[in-house]
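Visitor: For the sequence shown, my numbering assigns the number 306 to the initial residue and increments by one for each residue that follows.
There's no promise every hint is true.
Ranges between beta-carbon positions, derived for each pair [as the list claims (entries may be wrong)]:
#1 Ala330 <-> Glu380: 14 to 20 Å
#2 Ala358 <-> Ala313: 29 to 35 Å
#3 Pro388 <-> Ala322: 22 to 28 Å
#4 Thr375 <-> Thr326: 36 to 42 Å
Keep in mind that the hints were calculated from the coordinates and are not lab data.
For glycine and all other residues, C-beta sits at the position ideal for the given N, C-alpha and C.
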Amino acid sequence: MGTELPIACSLDAAAFADRLTEIGALGREALIGAERGRLRFRSSGDTRARLDAIVRAESECCPFLTFTVTDAGDELVLTIAAPEGAELVADELAAAFQPETNCSGSRANAPAQVSVQK
């Protein structure tokens, strides 16, 4: 018999809205491409610092997600991975960076909560 592991963002609604604003701003200013769980940004010192700050903050409130930032020439690549059953949370976070979805995406309504059987 498995133990249920809650997977949830620990931010309250106000902090969550602030984080989405920060993520959306970076996406509008530097995002150049996105595929599921993999986001590409124009590389600059400012972009790297902002991306690293977002990754640190998201790692604290959503420790079940795995973030990797790599330098790829003139691009920075952010990879977001989730455990089985929590892929939607990673997808919604990635969508928040994308200008066409970050204002009306479902993640903007409330922190996602998913339960996974382990």
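Visitor: Please go over all the hints and tell whether each is borne out by the structure.
Guide: Here's how the hints hold up against the structure:
1. Ala330 <-> Glu380: 14 to 20 Å: 19 Å, holds
2. Ala358 <-> Ala313: 29 to 35 Å: 22 Å, violated
3. Pro388 <-> Ala322: 22 to 28 Å: With Cβ atoms ~26 Å apart, the hint holds.
4. Thr375 <-> Thr326: 36 to 42 Å: 25 Å, violated
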